[in-house]
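Residue numbers (the numbering used here), protein chains in the order written: chain A, 15 to 498; chain B, 15 to 405.
Take every hint as true, because none was put in to throw you off.
Taking lysine-lysine and the DSSO-like style, the derived pairs with C-alpha atoms no more than 27 Å apart in a straight line are:
1. B:70 with B:266
2. A:204 with A:294
3. A:166 with A:127
4. A:175 with B:91
5. B:392 with B:324
6. B:266 with A:389
7. A:204 with B:91
8. A:175 with A:389
9. B:268 with A:389
10. A:370 with A:102
11. A:159 with A:100
12. A:76 with A:351
13. A:294 with B:91
14. A:128 with B:91
15. A:127 with B:91
16. A:204 with B:115
17. A:358 with A:76
18. B:91 with A:389
Since the hints were derived computationally from the structure, they do not count as laboratory data.
Listed here are the chains, written in short residue letters.
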Amino acid sequence: MALSKLSSSSSLSTNILKPLTNSFFLHRPISTDTTPLTIETSVPFTSHQCEAPSRSVETTPKELLSFFRQMATMRRMEIAADSLYKAKLVRGFCHLYDGQEAVAIGMEAGITKKDSIITAYRDHCTFLGRGGTLLEVFSELMGRKDGCSHGKGGSMHFYKKDSGFYGGHGIVGAQIPLGCGLAFAQKYSKDETVTFALYGDGAANQGQLFEALNIAALWDLPAILVCENNHYGMGTAEWRAAKSPSYYKRGDYVPGLKVDGMDALAVKQACKFAKEHALKNGPMILEMDTYRYHGHSMSDPGSTYRTRDEISGVRQERDPIERIRKLILAHDLATEKELKDIEKEVRKEVDDAIAKAKESPMPEPSELFTNVYVKGYGVETAASAVGCGWTWSEKLNNRKSDGGMTGDVCYRIYTIDSYKAVRYLQTSWQLAMCSAPNGGPPLFLSLIFRLFYCHVAQLIKSHADKRHRLIVVSLPASQATFKL
Amino acid sequence: MVLLLAVNMVTRAGFSLKQLKMWGIIRQKVAAGGGSPVARIRPVVSNLRNYSSAVKQMMVREALNSALDEEMSADPKVFLMGEEVGEYQGAYKISKGLLEKYGPERVLDTPITEAGFTGIGVGAAYYGLKPVVEFMTFNFSMQAIDHIINSAAKSNYMSSGQISVPIVFRGPNGAAAGVGAQHSHCYAAWYASVPGLKVLSPYSSEDARGLLKAAIRDPDPVVFLENELLYGESFPVSAEVLDSSFCLPIGKAKIEREGKDVTITAFSKIVGLSLKAAEILAKEGISAEVINLRSIRPLDRSTINASVRKTNRLVTVEEGFPQHGVGAEICASVIEESFSYLDAPVERIAGADVPMPYAANLERMAVPQVEDIVRAAKRACYRSVPMAAAA
Numbered sequence: 015m016a017l018s019k020l021s022s023s024s025s026l027s028t029n030i031l032k033p034l035t036n037s038f039f040l041h042r043p044i045s046t047d048t049t050p051l052t053i054e055t056s057v058p059f060t061s062h063q064c065e066a067p068s069r070s071v072e073t074t075p076k077e078l079l080s081f082f083r084q085m086a087t088m089r090r091m092e093i094a095a096d097s098l099y100k101a102k103l104v105r106g107f108c109h110l111y112d113g114q115e116a117v118a119i120g121m122e123a124g125i126t127k128k129d130s131i132i133t134a135y136r137d138h139c140t141f142l143g144r145g146g147t148l149l150e151v152f153s154e155l156m157g158r159k160d161g162c163s164h165g166k167g168g169s170m171h172f173y174k175k176d177s178g179f180y181g182g183h184g185i186v187g188a189q190i191p192l193g194c195g196l197a198f199a200q201k202y203s204k205d206e207t208v209t210f211a212l213y214g215d216g217a218a219n220q221g222q223l224f225e226a227l228n229i230a231a232l233w234d235l236p237a238i239l240v241c242e243n244n245h246y247g248m249g250t251a252e253w254r255a256a257k258s259p260s261y262y263k264r265g266d267y268v269p270g271l272k273v274d275g276m277d278a279l280a281v282k283q284a285c286k287f288a289k290e291h292a293l294k295n296g297p298m299i300l301e302m303d304t305y306r307y308h309g310h311s312m313s314d315p316g317s318t319y320r321t322r323d324e325i326s327g328v329r330q331e332r333d334p335i336e337r338i339r340k341l342i343l344a345h346d347l348a349t350e351k352e353l354k355d356i357e358k359e360v361r362k363e364v365d366d367a368i369a370k371a372k373e374s375p376m377p378e379p380s381e382l383f384t385n386v387y388v389k390g391y392g393v394e395t396a397a398s399a400v401g402c403g404w405t406w407s408e409k410l411n412n413r414k415s416d417g418g419m420t421g422d423v424c425y426r427i428y429t430i431d432s433y434k435a436v437r438y439l440q441t442s443w444q445l446a447m448c449s450a451p452n453g454g455p456p457l458f459l460s461l462i463f464r465l466f467y468c469h470v471a472q473l474i475k476s477h478a479d480k481r482h483r484l485i486v487v488s489l490p491a492s493q494a495t496f497k498l
Numbered sequence: 015m016v017l018l019l020a021v022n023m024v025t026r027a028g029f030s031l032k033q034l035k036m037w038g039i040i041r042q043k044v045a046a047g048g049g050s051p052v053a054r055i056r057p058v059v060s061n062l063r064n065y066s067s068a069v070k071q072m073m074v075r076e077a078l079n080s081a082l083d084e085e086m087s088a089d090p091k092v093f094l095m096g097e098e099v100g101e102y103q104g105a106y107k108i109s110k111g112l113l114e115k116y117g118p119e120r121v122l123d124t125p126i127t128e129a130g131f132t133g134i135g136v137g138a139a140y141y142g143l144k145p146v147v148e149f150m151t152f153n154f155s156m157q158a159i160d161h162i163i164n165s166a167a168k169s170n171y172m173s174s175g176q177i178s179v180p181i182v183f184r185g186p187n188g189a190a191a192g193v194g195a196q197h198s199h200c201y202a203a204w205y206a207s208v209p210g211l212k213v214l215s216p217y218s219s220e221d222a223r224g225l226l227k228a229a230i231r232d233p234d235p236v237v238f239l240e241n242e243l244l245y246g247e248s249f250p251v252s253a254e255v256l257d258s259s260f261c262l263p264i265g266k267a268k269i270e271r272e273g274k275d276v277t278i279t280a281f282s283k284i285v286g287l288s289l290k291a292a293e294i295l296a297k298e299g300i301s302a303e304v305i306n307l308r309s310i311r312p313l314d315r316s317t318i319n320a321s322v323r324k325t326n327r328l329v330t331v332e333e334g335f336p337q338h339g340v341g342a343e344i345c346a347s348v349i350e351e352s353f354s355y356l357d358a359p360v361e362r363i364a365g366a367d368v369p370m371p372y373a374a375n376l377e378r379m380a381v382p383q384v385e386d387i388v389r390a391a392k393r394a395c396y397r398s399v400p401m402a403a404a405a
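Turn these sequences into a full structure, and let the hints guide you.
So, in structure tokens, the structure goes:
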């Protein structure tokens with residue numbers, strides 16, 4: 015009964031939910047159940063210049079439940095971000111991913127955290143999939159210190175380098191050559207890992223994509239270009255932007271695969287296949303046929319260039335979370351109630367994360383000038399001299415080790431008063447040495463100057479690093495009273 | 015006796031005379047005077063000045079080649095990529111012999127796709143490698159400028175320190191000879207306006223070696239602006255410069271010639287012209303101080319301002335277009351910080367505010383010449399010389 019209802023609602027295939035192994039009578043605790051399950055994808059893969067992988071995907075109940083949970087979290091997170099934006103807690107840009115969750119989740123299932131992912135600005139869910147936390151997402155969106163980029167990046171600039179997530183890029187198409195560069199570095203370092211460079215149908219016409227793809231193919235880089243085709247490049251439908259909307263074929267000599275991007279298992283299969291292929295044969299293109307429910311960004315209602323019927327149609331028939339829910343129910347891996355409970359938990363987690371993020375403070379004002387360089391060579395603070403008396407200017411990262419290079423000299427940060435300080439020191443030295451142009455002050459005064467100079471020198475020395483040749487002290491202008 | 019006390023205290027403070035000499039704190043009196051106690055130690059002090067004794071001549075091209083070679087051999091993460099850098103031995107022979115020595119995995123010939131290969135270089139730097147991306151000239155870097163600025167310069171800041179980009183973009187910059195408008199643009203001011211980048215421009219072989227090595231070792235994106243016409247010029251280099259650990263500090267200008275009447279700032283090829291101008295000025299009784307900027311970003315404002323406070327007059331010279339140029343920035347910096355020390359308006363010499371013409375006579379007029387610098391210095395010193403014609 016359940017099966018017939020499900021198969022009638024599936025418009026793409028009648029085979030979607032037919033289990034090939036029968037696990038109806040076994041009802042073990044789901045979260046740890048790893049009995050293999052084989053499920054067919056909604057549609058077969060369409061391939062270009064290569065053999066398509068099999069439609070039958072190996073999975074486990076544990077995996078399916080985790081898909082459900084993670085996708086529910088992502089969906090909830092994006093909807094919450096929508097509300098936060100409307101409440102003006104999120105500023106600037108906010109590009110939401112709801113509807114496309116299966117791509118992020120399926121990809122994670124097919125690869126490891128040692129593989130790299132790079133994407134464009136619709137990156138909240140990709141970041142979460144790579145191991146980011148809800149707190150980091152919401153804090154970053156609201157520009158707080160606990161954000162993944164400490165509030166300095168914003169919605170479009172999430173990064174998590176330790177688990178291979180390289181952002182988060184605002185310029186359409188730029189992430190593709192960057193992704194090929196990551197793949198280059200992986201090959202150079204002999205890591206046996208791959209890079210997935212995600213882009214949209216809007217970016218698929220960018221010249222730099224083809225430049226990078228050419229080089230990737232020439233040099234056999236383990237790069238997989240993934241076109242998340244949600245059929246609209248901002249407000250422009252794909253048929254208005256691309257002469258050939260078969261994005262998986264656009265690589266010409268580069269093999270491609272077209273995948274149902276709303277089916278997490280199909281995405282998983284495709285990514286696994288692509289990884290194996292790329293490690294042996296070089297780059298590949300995956301086209302994920304997916305859909306976004308929201309507009310391009312929060313300033314776009316999303317209904318001026320497409321009908322509401324279209325949006326709700328996709329939501330009813332192809333929603334990725336619903337698909338997994340039906341799969342789980344069909345295979346009796348969990349009850350309806352358990353799934354609802356999971357959704358409730360997820361909702362609570364998201365709400366808690368938002369509450370915690372709201373309490374997170376804004377970044378310190380001094381953070382304005384940090385991280386411009388890794389190795390600071392005098393970022394000039396435009397602010398005037400700090401405090402009174404002897405003060406040290408704030409330093410940038412003062413790295414002790416830079417690969418053990420000798421002969422490396424660096425200077426601590428100085429303020430705009432630094433030259434005055436040098437003059438000050440020069441002057442006091444000259445006075446101390448009785449070589450001032452006017453013949454010099456009497457001996458007792460010069461002794462005082464000398465003592466003063468030595469006091470300065472001692473202060474400098476006590477803070478000096480062996481590698482520093484010149485430490486400059488910032489002085490308030492009022493204290494430079496010595497005149498020649 | 016006073017002197018001994020002072021020297022004692024100084025050395026106890028941990029500074030050697032050599033260090034103080036380098037800081038310019040110990041003034042060198044030109045005229046020998048027996049009265050001052052300082053004069054007695056002068057022979058000792060002056061010996062410390064010439065610690066480099068060898069006088070080997072090295073072309074800038076060789077300097078760059080040796081710097082690349084040494085850095086590639088020291089760190090296996092360094093690799094070179096660009097058009098014709100491998101089998102062609104480099105469009106200007108800068109990377110001669112490197113393909114043979116390091117193989118095609120580390121010296122990569124790219125297709126003529128700047129946006130693509132620059133992005134690939136930046137992506138490799140994200141991962142942790144240390145690419146050196148060569149542009150055949152910086153004019154072509156405009157094809158890839160989005161990657162230099164948005165993908166490289168800003169990443170460390172946007173990611174709050176997670177993603178650093180230890181990349182070097184190098185190549186010839188500015189005017190060559192007779193190459194026309196599209197191949198003669200100077201990009202110093204363009205890149206130097208971007209926070210997150212470091213912009214270096216060497217003049218001599220010592221600069222080329224030291225700055226390129228520093229750039230490759232630096233964990234930040236560096237734009238390294240060379241000059242095609244300097245590649246074939248030879249400069250004397252000391253043994254210290256030839257040492258494989260030689261490195262120059264980024265953000266520090268060099269005073270090529272000390273003077274007391276007028277400060278001339280310049281970078282790259284113009285330093286040579288400024289030095290010639292200083293010779294001519296010296297014959298006419300004007301002692302010019304020539305500053306080789308070396309580093310356009312971060313600009314060594316303290317050296318420039320200290321020099322202006324000494325001489326009270328400033329002439330900035332550059333090859334690029336005048337509006338919003340390096341000279342404009344130096345002028346603003348000096349006016350902000352040393353206004354009361356200026357005895358004359360700042361003179362700004364730049365390339366003519368026109369796209370570079372081809373005809374030899376027009377091209378000569380479009381690029382600063384020695385006479386222009388001399389004239390500007392004289393104007394700054396209020397010797398009556400008519401202004402050059404403005405466009």
